[in-house]
Amino acid sequence: MQFKKSWVMTLALTSVLALSACGNNNGTNNAATNNGGTNAGATNAPTETTAPAAISGSILASGSTALQPLVEMAAEKFMEANADVDIQVQGGGSGTGLTQVAEKQVDIGNSDVFAEEKLKDADAEKAKALVDHQVAVVAIAAVSNPDAGVDGLTKQQLVDIFTGKVKNWSEVGGADQKIQIINRPGSSGTRATFESFALGQKTEDQGGSIQEDSSGTVKKLVGETPGAIGYLALSYLDDSIKVLTYDGVEPSVDNVIAGKYPVWAYEHMYTNGEPTEVVKAFLDFMMTEEVQTGEVVELGYIPASQMQVARDVEGNVTTK
Amino acid sequence: MRVKPKKSRIEKHHIEDFIGRSYMSFCVLLLIVIIISMVYFVASKGLSTFFSGNVSVADFLFGRKWAPEADTPLYGALPFISGSFLVTLLAALIASPLSICAALFMTEIVPGWGKKLLQPVIELLAGIPSVVYGFIGLSVIVPFLRNTLPGQGIGVAAGALVLSVMILPTITSVAADALASLPQNLKESSFALGATRWQTISRVIIPTTFPAIMTGIVLGMARAFGEALAVQMVIGNAPFVPKSLFESASTLTSVITLSMGNTTMNSPHNNALWSMALVLMVMTFVFVFLVRLLERRNKI
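Residue numbers (this note's numbering), protein chains in the order written: chain A, 1 to 320; chain B, 1001 to 1300.
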């Protein structure tokens, strides 16, 4: 009986704590959104390296786990320069980020895809209220097991492989080995990018294919599984896997910046309406040379500021 | 109702009593509210697939095709439901004999050093985080299966093997408790009749503790059914009903964890994931019900 009582107490206590923690979160959140107006003198110039010292408030960001490390590192730097600013960065996935920013639960929603691609049909109205801030670019390369015996693939060959038409590497000029597809789940932003810009079409899941969402796991599996093919962000490429050229173009940072290699997507930081003072200061900080050539490059992203081409939500590419 | 104290003076222990009791009632009430709201939340989100979407319950439960991002989305969850049941049953089949043997070893065969040695090891197994199991599965079990058996190593068999190790401690400790609580005179009378140790174990001890051992197995299966991360790493997650044990398949939990963060709230895809969560919750109720049923039979 004694044991049971204490057990119930502990459970109840933890739930009370958990509830109050949630309450706190909301509190800081409101504080952040109500903070605007005190620092009218904030700079708009993205090239400015130090933000004005008087900025204060708190920012809550959530969403894309691919973008999370970059935002976290930048936030740390920003908080060092601005002692009165508190930035919290959470993961949860692009869908979570977009939902939460659309419902004003967070100040910034991080996403790997355009909001219009996720918020569809009944939610399309919500997407219109969101303001897009493109802070970095992620390029994705097709990779294979080193023993597959292929250096590169054309767009048509990739389509044939991922739609299940071609099942053996010998059919695309490689070793006589069965092709093992290592895909991402249907909802993944990485898969959406790969399908739109490398394949040009959506693909159905093939029987016997493997699906993993974590890039680390995908790399491990492609490196170890005979005949495996998958796709990875450039920051994950190394010698354990074979990086395939796409239509003869090598997936490199320079080729992406110049607009020669098409398989890339923006990393978005969405705000609901125009950002408040402190949020704007942080987003401007993300676009400074300091972050764009520092953390962005360091973590394997491509600086959005250096891109020589731009792309809209429809996928139309224009030269800047 | 409490009898009112005859003296009008309120003693100190009355106040303590009152505070303690109100705090307890508050906690219990809060707990009930939390549980009810959780059940309500999962049910309301999970059912919206059927109410607001064009998906029928039969299409969802028995549909073999899962393509929520296609132009005409299909929400057939049979591959995941069958995958969940398959790995759970396989894991229980692998783990149960091992666990029962371990429990017998600890309580009947070598109760001294055997228990001292095995108990901490089994408790350790229960404490290892599931991501570690997943990684060991990916680094050891998957390459082993790939090199020795057909297929790519990743698949139902790998998932069941990883799960069987994870549920081993649950089944072992429940079975060991049941064996230890067996009245001593049952065994003594068996020995007195001239039965050997093996005869006593197989004819007396196991039959009398059978419902309790089954409780352990059901609890283990409940854990296996709800486990997400470790299975997700080794099972392959292809949305198909597997044709062999060495083929990539999915479980309900693996699909939920893979897709939940990438979909927006209230989108049909997201709602379909909640429907799967509802199936998981209903299955939890079934497991709890089974355990209760077994407990009732358990009383000797």
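In short, the hints are calculated from the structure, not lab data.
In this text, a Cβ means the ideal position worked out from N, Cα and C, and glycines have one as well.
Possibly wrong hints are sitting among the right ones.
[As the list claims (entries may be wrong)] Here are some chain B residues pointing at chain A (derived, C-beta under 8 Å): (1) 1057; (2) 1058; (3) 1070; (4) 1212; (5) 1259.
[Claimed, not checked] Taking beta-carbon pairs under 10 Å as the criterion, some of the chain B residues facing chain A (in silico): (6) 1017; (7) 1018; (8) 1177; (9) 1180; (10) 1183.
Taking the hints in turn, this is what the structure says about them:
Annotation: residue 1057(B) was flagged as interfacial toward chain A, and the flag is violated, the nearest CB pair being 22 Å apart, outside 8 Å. Hint status for residue 1058(B) relative to chain A: violated, with the closest Cβ pair at about 22 Å, above 8 Å. Taking 8 Å as the C-beta cut-off, the interface hint given for residue 1070(B) holds, the closest approach to chain A being about 7 Å. Taken as an interface hint, residue 1212(B) does not check out: its beta carbon lies about 20 Å from the nearest beta carbon of chain A, beyond 8 Å.
Interface hint at residue 1259(B): satisfied, since its Cβ lies 4 Å from the closest Cβ of chain A, which is below the 8 Å cut-off. The closest approach between the C-beta of residue 1017(B) and any C-beta of chain A is roughly 14 Å, which is over the 10 Å cut-off, so the hint fails. With its C-beta approaching chain A no nearer than about 17 Å, residue 1018(B) sits outside the 10 Å limit, and its interface hint is violated. Violation of the interface hint for residue 1177(B) is found here, the shortest Cβ-Cβ separation to chain A being roughly 15 Å, above the 10 Å cut-off.
Taking 10 Å as the C-beta contact cut-off toward chain A, the hint placing residue 1180(B) at the interface is violated, the least distance being around 18 Å. Checking residue 1183(B) against chain A: minimum C-beta separation of about 23 Å lies over 10 Å; hint violated.
Violation of the numbered hints given earlier is confined to hints 1, 2, 4, 6, 7, 8, 9 and 10; the remaining hints are satisfied by the structure.
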